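Going line by line, the protein sequences match chains L and H.
Take 1 as the starting number for the first sequence in this note's numbering and just add one per residue.
Take 1001 as the starting number for the second sequence in this note's numbering and just add one per residue.
Misleading hints may appear alongside valid ones.
Restraint ranges, calculated between C-beta atoms of paired labels, are given here [said to hold, decoys possible]:
| # | chain 1 | residue 1 | chain 2 | residue 2 | range |
| --- | --- | --- | --- | --- | --- |
| 1 | L | V94 | H | R1050 | 17 to 27 Å |
| 2 | L | Q131 | H | K1065 | 30 to 40 Å |
| 3 | H | K1149 | L | D40 | 16 to 26 Å |
| 4 | H | R1050 | L | A64 | 53 to 63 Å |
| 5 | L | E99 | H | E1167 | 44 to 54 Å |
| 6 | L | D40 | H | I1150 | 19 to 29 Å |
| 7 | L | Q131 | H | G1164 | 50 to 60 Å |
Mimicking DSS-like on lysine-lysine, the simulated pairs with C-alpha atoms at most 27 Å apart in a straight line are [said to hold, decoys possible]:
| # | chain 1 | residue 1 | chain 2 | residue 2 |
| --- | --- | --- | --- | --- |
| 8 | H | K1081 | H | K1096 |
| 9 | H | K1011 | H | K1111 |
| 10 | H | K1149 | L | K145 |
| 11 | H | K1166 | H | K1149 |
| 12 | L | K127 | H | K1081 |
| 13 | L | K73 | H | K1096 |
| 14 | L | K115 | H | K1132 |
| 15 | H | K1149 | L | K115 |
| 16 | H | K1149 | H | K1111 |
| 17 | H | K1133 | H | K1096 |
| 18 | H | K1166 | L | K73 |
| 19 | L | K127 | H | K1096 |
| 20 | L | K65 | H | K1132 |
| 21 | L | K65 | H | K1076 |
| 22 | H | K1181 | L | K145 |
| 23 | H | K1181 | H | K1132 |
| 24 | L | K115 | L | K65 |
| 25 | H | K1065 | H | K1076 |
| 26 | L | K115 | L | K73 |
| 27 | L | K73 | H | K1081 |
| 28 | H | K1065 | H | K1011 |
| 29 | L | K115 | L | K127 |
| 30 | H | K1181 | L | K92 |
| 31 | H | K1096 | H | K1181 |
| 32 | H | K1149 | L | K92 |
| 33 | H | K1181 | L | K115 |
| 34 | L | K115 | H | K1133 |
| 35 | L | K73 | H | K1065 |
Calculated directly from the structure, the hints in this document are not laboratory data.
Given the structure is predicted, the values throughout are model-derived calculations rather than measurements.
Even for Gly, the Cβ is constructed at its ideal location relative to N, Cα and C.
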Amino acid sequence: MKTSVAFVRSDSDRRLPREILVPEAKASHRPVQRFRVRLDSKADVDKAAKAHVPVYLFDSEVVAKLGYSWSFKPKLLVSRELADAVESRFQKLVFHDGEALPNPTFEDLVVAMLKVNRLGARQMVRKNLGQLDRNRLLERVLVEKVLPLASRVRLDDFVPGLPVSGPALPRSELRREDAMVYSRNLES
Amino acid sequence: MRPAHIRAAVKFLEGKGFDVVIVGGAVMQLRGSGSTEDVDLFVTVSDYGRLEEVLLHDTSVVDVKLGDETSVAYLKLGGEKIRIDILDPSYFSGEKTGDEFFDYVKRHWSKEETVGRVADPAVVWYTRLFVKKEAYLDRIDIDLGQGAKIEWLDGAQEIANYLGTKERIREQLRRLDELFKVTRGPD
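Use the sequences and the hints to build the structure in full.
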């Protein structure tokens, strides 16, 4: 048996803007119109988020604001439950815990970055230690099952109690990575 | 890094009579896989040998660190500084000479574009595999997540075959395969 997820739009619930809704073909045994959500632009994602759909566009701009300059193709963060009901030209990054969306905390963004660029995730943490909630990052890393990625870049250096899983990069290489990023900052 | 900055770095060295091929993260950026904050450039062995004379006496170069395999220069461009890493191809050339490797890249593994002569990503991955640093394997893995093509690894192996560095690369490829198992879990 296969689980199917879709959005429905009742008369009393007009929050979901019509322009991002894609109607599914109506099956005779399903009198209620079912929709999927199609998000192809930042504006679409903003509309969906405003309607409390658990999605978030994770892009270079977000990462740059956290002090790490690296451009990449935007990723759509989406909760696992809704992943199949959301269509997008953006690559989807699934969050097991949809509660983190549509307003992710810094720790949620670190988890997203671990999935995209773990070396960058370490730099984000290093640069924002003042706002890091270590307990939340610990919890989020475990819930989102990114412990091997966190271990690879030794996030346990910053998060006491974070278990280690899998081989880590040598400290000498991480020191070099850290120094490289900081020297670039000093130049700017 | 903006393509204009990559172009400026290339033009700077070409203006000094250097033969230049863009390698490193700039190539991956130009191919849409990630980005870089410095420009890595291959030059010929003889050009590498005259870096000191060229870089130390140019007022647009604000800082220089000369090394045996890689030299770093910071180029002033308007209000900004560009970091250029200049690589000696001899370091990577295995059984061939550095200039043979440079010519091979130039003839078979690069093409002229608006920013300058750009190496094929296979060259970039070859250098990353050759250096034997774990973090470079991570960079390849990250590039792949950004849409880089796995076939580029075949190209890296072809380059290694030509240079006689196959064994060295094979060990790194094995480690890369191990890394994939770690970083690509059930999700």
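Taking the hints in turn, this is what the structure says about them:
1. Taking the beta carbon of each, V94/L and R1050/H are about 53 Å apart, not inside 17 to 27 Å as hinted.
2. Under the hint 30 to 40 Å, the C-beta atoms of Q131/L and K1065/H, about 34 Å apart, fit the expected range.
3. At about 24 Å, the beta-carbon gap between K1149/H and D40/L stays in the expected band of 16 to 26 Å.
4. Separated by about 38 Å at the C-beta atoms, R1050/H and A64/L break the suggested range of 53 to 63 Å.
5. At about 50 Å, the CB distance of E99/L to E1167/H agrees with the hint of 44 to 54 Å.
6. In this structure the hint that D40/L and I1150/H lie 19 to 29 Å apart at CB holds, the actual value being about 27 Å.
7. Here the CB-CB span from Q131/L to G1164/H is close to 51 Å, well matched to the stated 50 to 60 Å.
8. With a C-alpha separation of about 35 Å, the suggested pairing of K1081/H with K1096/H is violated against the 27 Å cut-off.
9. Distance hint between K1011/H and K1111/H is fulfilled; the C-alpha atoms sit about 16 Å from each other, no more than 27 Å.
10. Among the hinted pairs, K1149/H with K145/L is consistent with the structure: their alpha-carbon atoms are about 26 Å apart, no more than 27 Å.
11. At most 27 Å may separate the alpha-carbon atoms for a hinted pair to count; K1166/H and K1149/H meet this at roughly 20 Å.
12. Pair hint K127/L plus K1081/H holds up; C-alpha atoms about 22 Å apart against a cutoff of 27 Å.
13. Proximity of K73/L to K1096/H is assessed by CA-CA distance (about 38 Å); at most 27 Å being required, the pair is judged violated.
14. The suggested pairing of K115/L with K1132/H holds, with an alpha-carbon distance near 24 Å, which does not exceed 27 Å.
15. Distance check on the hinted pair: K1149/H and K115/L sit about 18 Å apart at the alpha-carbon level, within 27 Å; holds.
16. Our distance criterion of 27 Å between C-alpha atoms is met by K1149/H and K1111/H, whose separation comes to about 18 Å.
17. With a C-alpha separation of about 22 Å, the suggested pair K1133/H and K1096/H falls inside the 27 Å cut-off, and the hint holds.
18. With a C-alpha separation of about 33 Å, the suggested pair K1166/H and K73/L falls outside the 27 Å cut-off, and the hint is violated.
19. Distance restraint check for K127/L and K1096/H: the Cα-Cα separation of roughly 43 Å exceeds the 27 Å cut-off, and the hinted pair is therefore not satisfied.
20. Restraint check for K65/L and K1132/H: not satisfied, since their Cα atoms lie roughly 33 Å apart, outside the 27 Å limit.
21. Our distance criterion of 27 Å between C-alpha atoms is met by K65/L and K1076/H, whose separation comes to about 25 Å.
22. Using a Cα cut-off of 27 Å, the hinted pair K1181/H and K145/L holds, with the two alpha carbons roughly 14 Å apart.
23. Of the pairs offered as hints, the one joining K1181/H and K1132/H holds, with about 19 Å between alpha carbons and a cut-off of 27 Å not exceeded.
24. In summary, the hint linking K115/L to K65/L is supported, as the alpha carbons are separated by about 18 Å, within the 27 Å threshold.
25. For the hint linking K1065/H to K1076/H, the alpha-carbon distance of about 15 Å falls within 27 Å, and the restraint holds.
26. Distance check on the hinted pair: K115/L and K73/L sit about 13 Å apart at the alpha-carbon level, within 27 Å; holds.
27. Distance check on the hinted pair: K73/L and K1081/H sit about 26 Å apart at the alpha-carbon level, within 27 Å; holds.
28. Note on K1065/H and K1011/H: the hinted pairing holds, with a Cα-Cα distance of about 20 Å set against a maximum of 27 Å.
29. Distance restraint check for K115/L and K127/L: the Cα-Cα separation of roughly 18 Å lies within the 27 Å cut-off, and the hinted pair is therefore satisfied.
30. With a C-alpha separation of about 21 Å, the suggested pair K1181/H and K92/L falls inside the 27 Å cut-off, and the hint holds.
31. Among the hinted pairs, K1096/H with K1181/H is inconsistent with the structure: their alpha-carbon atoms are about 34 Å apart, more than 27 Å.
32. The hinted pair formed by K1149/H and K92/L meets the criterion: a straight-line CA distance of about 19 Å does not exceed 27 Å.
33. For the proposed pair K1181/H and K115/L, the alpha carbon gap of about 14 Å is at most 27 Å, so the pair holds.
34. Using a Cα cut-off of 27 Å, the hinted pair K115/L and K1133/H holds, with the two alpha carbons roughly 21 Å apart.
35. A threshold of 27 Å between alpha carbons decides the hint, and for K73/L with K1065/H the separation of about 33 Å lies outside it, so the pair is violated.
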